[in-house]
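Residues per chain, in single letters:
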Amino acid sequence: MSDDDVKSKPEDSGRREFLGKATGVVAGAGIAAASWPFINSMNPSTDILARAESQIELDGIVPGEMRTVEWQGKPVFILRRTEDQVVEMGTSHGSSKDPEPDEERVQKSEWLVVIGLCTHLGCVPNRNSDGWFCPCHGSVYDNSGRILKGPAPRNLDLPPYEFIAENKILIKKA
Amino acid sequence: MARLINWIDARFPLTKFVKHELTDYPTPRNLSYWWNFGFLAGFVLMLQIISGIFLAMHYKADVTLAFDSIEHIMREVNYGWLIRYLHSTGASAFFAVIYIHMARTLYYGSYRAPRELMWWTGQGLLLMLMATAFMGYLLPWGQMSYWGAQVITSLFGATPFIGDEVVIWLRGDFTVGDATLTRFFVLHYLFPFLIVGAVIIHLVALHYVKSSNPSGINLADKDNIPFHPYFTVKDLYGLGLFLIVFCYFVFFQPEFFIEATNNIPANFLQTPEHIVPEWYFLPFYAILRSIPDLLGGVVGMFLSVIIFAAMPYLDRSSIPGGAHYRPWYRIMFYVFIVDILVLGYVGAQASSDLLIVVGRVATFIYFLTFCLLPYVSRKEEQWLRKRGLPAEIEELLQQESLQQQKKDNV
Amino acid sequence: MNRNTFLIMLHSCLLVMVFSVPEKSAAAEVIFDRSSDSLKRGAVTFVNLCMLCHEMKYLRYQNLLEVGFSHNEVDALRKDKNIQDPLQSSTAPEVAKLLFGMRPPELSLMAKARKNGPSYIYNLLTSYYETADGVIQNQVFPGISMPDVLSYSIETDPLVRERLEQKAREVAVFMEWAADPNANQRRNMGYYVMAYLFILTFLLYLMKRKVWRRLK
Chain A
0 MSDDDVKSKP EDSGRREFLG KATGVVAGAG IAAASWPFIN SMNPSTDILA
50 RAESQIELDG IVPGEMRTVE WQGKPVFILR RTEDQVVEMG TSHGSSKDPE
100 PDEERVQKSE WLVVIGLCTH LGCVPNRNSD GWFCPCHGSV YDNSGRILKG
150 PAPRNLDLPP YEFIAENKIL IKKA
Chain B
0 MARLINWIDA RFPLTKFVKH ELTDYPTPRN LSYWWNFGFL AGFVLMLQII
50 SGIFLAMHYK ADVTLAFDSI EHIMREVNYG WLIRYLHSTG ASAFFAVIYI
100 HMARTLYYGS YRAPRELMWW TGQGLLLMLM ATAFMGYLLP WGQMSYWGAQ
150 VITSLFGATP FIGDEVVIWL RGDFTVGDAT LTRFFVLHYL FPFLIVGAVI
200 IHLVALHYVK SSNPSGINLA DKDNIPFHPY FTVKDLYGLG LFLIVFCYFV
250 FFQPEFFIEA TNNIPANFLQ TPEHIVPEWY FLPFYAILRS IPDLLGGVVG
300 MFLSVIIFAA MPYLDRSSIP GGAHYRPWYR IMFYVFIVDI LVLGYVGAQA
350 SSDLLIVVGR VATFIYFLTF CLLPYVSRKE EQWLRKRGLP AEIEELLQQE
400 SLQQQKKDNV
Chain C
0 MNRNTFLIML HSCLLVMVFS VPEKSAAAEV IFDRSSDSLK RGAVTFVNLC
50 MLCHEMKYLR YQNLLEVGFS HNEVDALRKD KNIQDPLQSS TAPEVAKLLF
100 GMRPPELSLM AKARKNGPSY IYNLLTSYYE TADGVIQNQV FPGISMPDVL
150 SYSIETDPLV RERLEQKARE VAVFMEWAAD PNANQRRNMG YYVMAYLFIL
200 TFLLYLMKRK VWRRLK
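Protein chains in written order, with numbering that gives the first Met the number 0: chain A, 0 to 173; chain B, 0 to 409; chain C, 0 to 215.
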């Protein structure tokens, strides 16, 4: 193959380079735009997003009783605290690992709403009279869901919720 | 970046390979746009694999769930409708591209020595593609999916002696059912990767014998040009044109290739009025129906796909190439194309007395074209030689006979 | 014709193709009003009338928000059902089977399951007629199990017939939407994609010419 056929004129190369760059940019933008639908198709579909909120009725839970409900596939502990428990929780900030006053963890003081997953590695803690105990590695939580003892680094997480009626809460999407 | 490439090059022939097989790869300078379709086929293969994998993240291969999962993809998965339409339109695009690719090969005689293995690996690829498409069509579990699969799997009952057992074995059940759907899904997912392997073999063969070209004569070295940038840019331009047509269908006429009846869930108690395969199977379906005997029809249909493999031996002319220098061959080619279109039309219609006759005549012509080729090609060569061959052919034939003499003398 | 002429013709054909796209290839004969109001009226007719026997299992009440209804309007339509519930019939399918001899078909996809679906639906609903013996028949589907739900066959007042025809059209338009709720998004995206592809292909064409000019 002879080189004579393939030589180019010097003044062409500037224009050619610009055209090449422009085409490359346009093509690259197209490829990026075209990949988005595929990537996004792996995000939760609309039927799952619609179930991302949970409406919970609070009727029938007596003081001292805890109920477990579901939100986004996770357990949520709803504890209706007795007056004694509310007072007791107000006296401390939990432990030095994650100190937090009880008032900042509740919207109405008798209702504690926390995500029922141990902040250590995600097991579901078991209910006892003083709070919760995680059977996996021994973390201990009080009746405000605060970590007292054990390997868990944080107090039980709080889901985003609001009271939409006296006896109804809505745990929101995010 | 350059340092990284150097590090790799010391351990792996990356740059050498890319230079030899892609950048500097010698390609005939006179290739026309008909040579774009191999690249397009590779592109559509990638498109189908990618869209298929993302669909498979949401599809459920179970008779009680399949149809619903497709609607879930269409309505609830983000951009699910787009990925689905890419895949369904892609199937038709794949066959369109492959049929044009095959037509190019036939017209220009690219199947002839030394490219027979390319033609045969291509033949194998076509069969695998047809199997993949057939199995894929069952997956939506619509009326046409189900009844199309019922009809085609029952054809295997024509196998002598063990026909019934073969059909049951194929289906995994006495009828097309959950067992069939599950295995078709698994195989439909598998086959494209086998196709990728066969494409690699196809390309290895290509790079050994190099591309043919429109004149049919092997060009001198000086008439080759490097693949990059000439044919990389030409392939990309062709891809742009292809995508325009393709996306028109995806975005504006996506249901064009989907049978209306397939929007009804499969009902094993009710056969649709009109069972019709996808367009790319129509000519072969017409041949199947034209032959009144079950075994005969199945053999005929199978033969009509396989017979292409015989082309290198059916063509007895020593005039190189295809239709370029051979007017009789060109006429046969056009007759064959028209005949396929007629067969396709017949395959889509419900049976009628007239259509049965038309179908049989068209089937006859289809096979006759192959059968006549040995005779016609030789007679044509005689006729061409009497008229006087063009100079380039004379030269080439002389060269070839000289080489043959040298071989004989050794 | 030389190659450039061919290319120009090809590009023109493709351009013409894109912009002559019919809104919906199916509806050939009947003229449909696809405005939001028409769609909403069709939805209301469907929920209050058709759903006495039919269901749309692939649509949920939540999806009706996409038609243009407000939350309150959807709440009124769904009555005591949850917003996530599919559009089920108020008649149990077994009961309907006893009444009509067959299960009323699910209608989410009916507009796609027939050639020229929306026209087919409109024609079906408005081709009930009364025979001389007083039997109600349907021209499009003889022997149909579905009764004349619009009472079209026995209506003689032309003004009322016109209103019933409009109702039938609106139901067909709603069912067309229900079969393909993403149609608008798809077409809008399509305009952008086609414009982009024309630009990109043109750039690639220029590059191809530039590169190939290097050959003598």
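It should be emphasised that the hints constitute simulated quantities derived from the structure, not laboratory data.
Since the model is a prediction, treat every value here as computed from it, not as a measurement.
Warning: the hint list may mix true and false statements.
Stated by the list, open to error - Derived, one-sided and incomplete: chain C residues facing chain B with beta-carbon distance under 7 Å:
1. TYR57
2. GLN61
3. LEU108
4. ASN183
5. TYR195
6. ILE198
Stated by the list, open to error - Within a straight-line C-alpha distance of at most 30 Å, the following computed BS3-like cross-link-like pairs (lysine-lysine) qualify:
7. LYS114(C) to LYS73(A)
8. LYS59(B) to LYS39(C)
9. LYS80(C) to LYS73(A)
10. LYS59(B) to LYS209(C)
11. LYS59(B) to LYS18(B)
12. LYS78(C) to LYS56(C)
13. LYS18(B) to LYS20(A)
14. LYS209(B) to LYS406(B)
15. LYS80(C) to LYS114(C)
16. LYS221(B) to LYS209(C)
17. LYS209(C) to LYS20(A)
Built from N, CA and C at the ideal position, the CB exists for glycine as well.
Status of the hints after comparison with the structure:
Contact between TYR57(C) and chain B, as hinted, is supported at the beta carbon level, the nearest pair being about 5 Å apart and thus within 7 Å. Violation of the interface hint for GLN61(C) is found here, the shortest Cβ-Cβ separation to chain B being roughly 11 Å, above the 7 Å cut-off. Because the closest C-beta pair between LEU108(C) and chain B is about 4 Å apart, less than 7 Å, the hint holds. Look at ASN183(C): its Cβ only gets to about 12 Å from chain B, farther than 7 Å, so that hint breaks.
Interface hint at TYR195(C): violated, since its Cβ lies 9 Å from the closest Cβ of chain B, which is beyond the 7 Å cut-off. Hint on ILE198(C) is violated. Least Cβ distance to chain B is approximately 10 Å, over the 7 Å limit. For a cut-off of 30 Å, the pair hint linking LYS114(C) to LYS73(A) is broken: about 46 Å separates their Cα positions. At most 30 Å may separate the alpha-carbon atoms for a hinted pair to count; LYS59(B) and LYS39(C) exceed this at roughly 33 Å.
Of the pairs offered as hints, the one joining LYS80(C) and LYS73(A) holds, with about 25 Å between alpha carbons and a cut-off of 30 Å not exceeded. The suggested pairing of LYS59(B) with LYS209(C) is violated, with an alpha-carbon distance near 50 Å, which exceeds 30 Å. Note on LYS59(B) and LYS18(B): the hinted pairing is violated, with a Cα-Cα distance of about 44 Å set against a maximum of 30 Å. Proximity of LYS78(C) to LYS56(C) is assessed by CA-CA distance (about 17 Å); at most 30 Å being required, the pair is judged to hold.
For the proposed pair LYS18(B) and LYS20(A), the alpha carbon gap of about 22 Å is at most 30 Å, so the pair holds. Distance restraint check for LYS209(B) and LYS406(B): the Cα-Cα separation of roughly 23 Å lies within the 30 Å cut-off, and the hinted pair is therefore satisfied. The hinted pair formed by LYS80(C) and LYS114(C) fails the criterion: a straight-line CA distance of about 33 Å is larger than 30 Å. For a cut-off of 30 Å, the pair hint linking LYS221(B) to LYS209(C) stands: about 21 Å separates their Cα positions.
For a cut-off of 30 Å, the pair hint linking LYS209(C) to LYS20(A) stands: about 14 Å separates their Cα positions.
Hints 2, 4, 5, 6, 7, 8, 10, 11 and 15, counting from the list given before, are not met by this structure.
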